[in-house]
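Given two chains presented individually in distinct reference frames, assemble the corresponding complex, making use of the accompanying hints.
Heads up: the protein sequence lines correspond to chains P and X, in order.
Heads up: the first sequence at position 428 corresponds to 428 in my numbering, and the numbers run straight through without jumps.
Heads up: the second sequence at position 268 corresponds to 1268 in my numbering, and the numbers run straight through without jumps.
Don't take every hint at face value.
[What the hints assert, rightly or not] In silico contact screen, one side only, chain X against chain P (beta carbon under 7 Å); selected entries:
| hint | residue |
| --- | --- |
| 1 | L1050 |
| 2 | Q1051 |
| 3 | I1130 |
| 4 | N1156 |
| 5 | A1246 |
| 6 | E1262 |
| 7 | Y1263 |
[Claimed, not checked] Output of the computed footprint for chain X on chain P, the stretches with three or more beta carbons under 8 Å from beta carbons of chain X:
| hint | segment |
| --- | --- |
| 8 | 89-97 |
| 9 | 168-174 |
| 10 | 184-190 |
| 11 | 385-396 |
Calculated from the structure, these hints are not laboratory results.
Note that CB positions come from ideal geometry on N, CA and C, so glycine has one too.
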Amino acid sequence: MFKRLWVWSLVLAFGLSAASWAGPVVVKLWQSEGYGLEAVESLIESLVPGVDLQVVEYPYNELRMKLFTTLAAGDPKVAPDVVMVDSIWLGEFVEGGYLAELTDVVADEAADWFEAFRSGSQWPAGSGKYYGLWYDTDVRVTMYWPDLLLEAGVNAGDLLYWDTFISACKKLNEALAPQGIGGFRLDMGGAYAADFFFFPFLWAEGGEILVEKDGKLVPAFNSEAGVKALQFLVDLVKKGGVEPQLDIFWGNDWAARKWAVYIHGNWATSESRFPGTTAAERQKKVAVLPYPVSEPGKVPVTLSGGWIMTIPAVIKDKAPDRYAKAVEVMEAFLRADVMAEYASALARIPVRAALMEEPYRSKLAENIEFFDFYSKMASIAKVRPAIPQWSQVADAIFEAMQKAIFQGVDPQTALDEAAEKVEAILGG
Amino acid sequence: MVTLRGILNSERTLPYLLLAPLIVLLFSVTLFPFLWNFYVSMHDLKTTNLQTGAPFVGLANYFKLFRDPTFLHSLKVSTYFVLGSMVGQFGLGLLLALILHYHPGPARFFRVIFVVPWILSALIIGYSWIWMYNYRFGLINSLLRLVGLKPIHWLNDIKMALWALVIANIWRGTPFTMLFLEAALKTIPSEPYEAAKVDGATSWQSFRYITLPLLRPAIAINLILVTMWTFNLFDTILVMTRGGPANATLTTAMYMYKSAFEYGLLGYGSAITIVMLLINGILAVLYFKTIGRQA
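So that you can see chain X by itself, here it is in the shape it has in the complex (with noise of 0.2 Å):
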């Protein structure tokens, strides 16, 4: 007979059981949504609708996305915007990291200071860029101007507006990969770095063939974190350019944003969601096969 003694006394049940409550939660509040976009996706759900009911679509959205040239466009912006923020973030992280970790004595000042974009809201930080690439008045033309340079219309030139943008958030996401880093780095033994200096390996080859490949799980985490976070930042473009001038600056993120709560196409919004965590996913195992899987 089965009873509850014998139940909680099972080693195969135990741990289900133990586990069943962070199961529903994690099903409820992030599986359940999930399942209900997608599901949204599937039917021409808007804002003039949401009473009467949307007629169910089946992937005609996702058809839709793909013929839609300011969806591709999007994509097109997204793909720099990643890149550039990345390869800023992560260069400078690293940099600031290594320097923090091998200067000890002032880090614990210079940590402060440089975490401050980071803990600053996102809509602050685009206010700050907003007045500091000013064309008349901003610091950054005004420093143009004291070099005899001729100053720039960072947010108003298509050219121009996307890298002013990539430069505010690798101002803002560089902290975090700094003290991410940095955490990382300080978990390598030393062991190695002594073997290396007996063999008399340099500097630069202690780096490459010690730190470099003990650092690549948190290297290949942190690059996850930071294409997800800017790939999906759309509060910050919101506020600096809201995607212009001329949808120079109009993310996957900022298109979802605008399609969904601006122009009232529910469905349309969640098909693009559904897209943006498709490509997530991809980045994410992509990460984790080249550079997760040699560390």
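Chain P on its own, in the form it takes in the complex (with noise of 0.2 Å):
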């Protein structure tokens, strides 16, 4: 019996040693470089017990081809646990079976997500089934720096309608020129330039990309809205000065006074931009508006992107108690008081409405600068469609772009090719 009872407690003592030596459970999550989860990275291990959470960045460019070749691998062992996919890769990931449905995981949290990050979570959009969660966002406005403008002599309500944007923009080369600041920056350096330049102005004239016809997606950029936006900018170029610029900077010149406006992305006037200075500093460094709109009782309309988060297919499908950990830790970050900690860590928008209210609120205005407006601007942005063809369909209208600012030829014109382009890009 003794002899029995010895065993028992050597069996015992050696399992919970065991235990003990197996350590805690790793969660690989790969990000894109300095997309920052590693700030929430002890707050998730202490909310997730056991789990040893190890965030593992790529290039942008580099992230997305790992992603295809390790997860068509089919093998769990070298597969992340967690990935965050860039918005406007969901409709390629999925399609090609990478990413797993996560439906019964985040749906009735995504019931507190602005519509357009809660669409834009599923695949097809709107569809109702999730492959993740938008995890942040960003929005595009039009920033200026107000003693410079003053300088010139120029309203800061000027840049609110296209007419009187480009007459300031004029009057800012001019009067600014002397000291090597540019009026206005007008990136034309890749196709995101669409992101900026043209995509808001289509979608505030009432336009849109693409739109479903008979169950088939099809261009609709090359509208009267899309010409007339287009149109916007061939003034602003040459009625207004502008010079294209093909370098992007992301905001680093403009933050570094060589433009007084720029429109651009809300980290442009973060602290990255601006080192060493409080929320309260820079709001009181510069000004942010709306985009311009063609004519008083237009609502202006910005584009926003971002990143999702989500469980590679493989994981669910081969791994399955890795993937009741990645769900766990996934949960985790999801958690509104998580969420907030990171976007004041990081600076970046949210995309749900319980971080627009206290307690969370205060410690992100007090962290990010207009941080009210860019709220408001993200609950009524507007997202790419993320189907797998996207980035042709970029590519197609700035083109477009491109010909009629640089070659002159007739926005309608330009629009129309790239429109019959990218027909029979989502028909081929």
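The following block contains the structure:
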């Protein structure tokens, strides 16, 4: 009897030590360089005991291909447990079967998300099938240096409407050129230019990029709204003397006062561009406005991007234990307090209503300049269609922009040519 | 009876045996990727069907290529880009090689200076030239303004952008041609020149009838390498213009990169690669036939 008890005690002791030797379960999370989820790494580890969260980052362009090649191998041993995918990649990843359907995990939580981001976390958008949840966002706005406007004799109100915006740019260029400062920076270095300078104007005019017709997506950006939006850009260059820029410094040069006015993402007013300053100090230095619109009465629209937190299908299908842990980790990440902590640390714009309320709002507003304005913009923002052919579509639209701006092709013709191209891309 | 010693001592089999590791290595690092690439080009492989399997489409990707106006446009852009770069790199490279060869004193110092562009990363070169071409603050436009000329929209102008890239590429590639041809010049014996001098040949005649013919094999190899590298070049273009404005600098290599890695059309991108390889092969044969054989 004693012998048996002794043996069982030994077994129990060994078992317990083995369990402690096994250590925490490693959960690997892949993100794009600089996304910054490591800011809440220890918080997540405290919320999900027994988890060692390892955040791995890859450069933006590398991450997409790295994910494709890793996940296509279908081997959970090499796959990450949780991944952050750019919202515009969603369709491509879901159609390729790389992501797990997570409706049962996130659908309830998603009710608190702003419509654009809730719908954008589903594939097809608005279908009710979730493949993760949009984690943060950004908004594009007009930003300017008030003192430079004053020096050039330009009123901030002039930046609200297309006509006055053009004349303001001309005035700024002329007045500030001797100091080596540009009036308005128009980025034309890549397809991203359409995100900043075409889609928001198109939407504000009531247009759409693509629409569904007989169950198929077809181009709609060559509508009257699209032509008006592109004509505005052409006028900016021709009448406003704006010099399109092929390089992009993501707001660094605007923050260095190389330009008086810029239309860019909210990160350009953040601490990353003004090191060592507080949100209150930045609000005193620079100012922001919504996008200009064609005429009073038109409602400005902004474009939002962001990242979707999701779990690879290979983890759900082939490693159920890891999937369960990944879900636990993801649920912890999606808690309002964790999202607020992350948004506050990285100055990211939240995607859910709860974060616009107390107890979170005050803390966020303390760290994120123009918080209420940015949040308001995010709540009414529109997003790009996350179809697998998106990069081709965006390139075709950007080509039309370039033809109209650099080659002097009539905006309607340029957009019609692009629409023809896009129709073939979507149909092929 | 066939024994190991017998095989090792056999004059017929031993060379093959010794070559075998190299052949296996070559097969695995060059031929296999090529064959695999060709296999991929016969499938409609996309990032969206990597897991499910891509349907076999035969030569459809190739037929589609030659109906694709963007691809045909990219071939035209590549032709201008390669021709411009080649003429510039070769002309300047040969000139510098001759100067360095006939003036060995200061050559050592200048060789180091001239070689700097070649050892720099393509990305650094791209960014440096973007700044030099900047309309408002760029060095080149500042110099133009200084001499009373109008600044140029180097990278924004559809007609100028490609030539701006050609200039940057000539700057990067000239040192290679210079070093290559200078090395070749050193291999030319002095006797033909001495004989020519005795016969009363001028410097130009010596260059035209001795130097150039004896340099021909080196010139052929240099032109092949420069053509291939320029035709395949995409990193500098990616940094400087990404193929824009309005596809004015969209070379075939750039289009291949975009198709495969941005659009996710891996089969189509592979077909472009195979066509590029064929073009490179045809050009190499042509060079050897026209320049190499005469040598």
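- request: Establish whether the coverage given for the segment 89-97 of chain P by chain X is satisfied; the threshold is a Cβ-Cβ distance below 8 Å, and no fewer than three residues must meet it.
  value: holds (count 4)
- request: Go through the hint on Q1051 of chain X and say holds or violated, using the shortest Cβ distance to chain P against 7 Å.
  value: holds, 5 Å
- prompt: With 7 Å as the cut and Cβ atoms as the points, is Y1263 of chain X at the interface with chain P?
  reply: holds, 5 Å
- request: Return the status of the interface hint for A1246 of chain X: holds when the least beta-carbon distance to chain P is below 7 Å, violated otherwise.
  value: At 4 Å from the nearest chain P Cβ, A1246 of chain X passes the 7 Å test, so the hint holds.
message: Given a cut of 7 Å on the nearest C-beta pair, is the interface hint for E1262 of chain X held or broken against chain P?
response: holds, 5 Å
task: Could you check if I1130 of chain X really has its C-beta closer than 7 Å to a C-beta on chain P?
output: At about 5 Å, which falls below the 7 Å cut-off, the nearest Cβ of chain P leaves the hint on I1130 of chain X intact, so it holds.
- prompt: Within the segment 385-396 of chain P, is the number of residues with a Cβ closer than 8 Å to a Cβ of chain X three or more?
  reply: It holds, with 5 qualifying residues against the three required.
query: Once the shortest beta carbon distance from L1050 of chain X to chain P is found, is it less than 7 Å?
result: Where the cut-off is 7 Å and the nearest Cβ of chain P is about 4 Å from L1050 of chain X, the hint holds.
query: Does the CB of N1156 of chain X sit less than 7 Å away from some CB of chain P?
result: holds, 6 Å
- prompt: For the segment 184-190 of chain P, do three or more residues have a beta carbon lying closer than 8 Å to a beta carbon of chain X?
  reply: holds (count 3)
- prompt: Are three or more residues of the segment 168-174 of chain P within 8 Å, CB to CB, of chain X?
  reply: violated (count 0)
When held up to the earlier numbered hints, the structure conflicts with hint 9 and nothing else.
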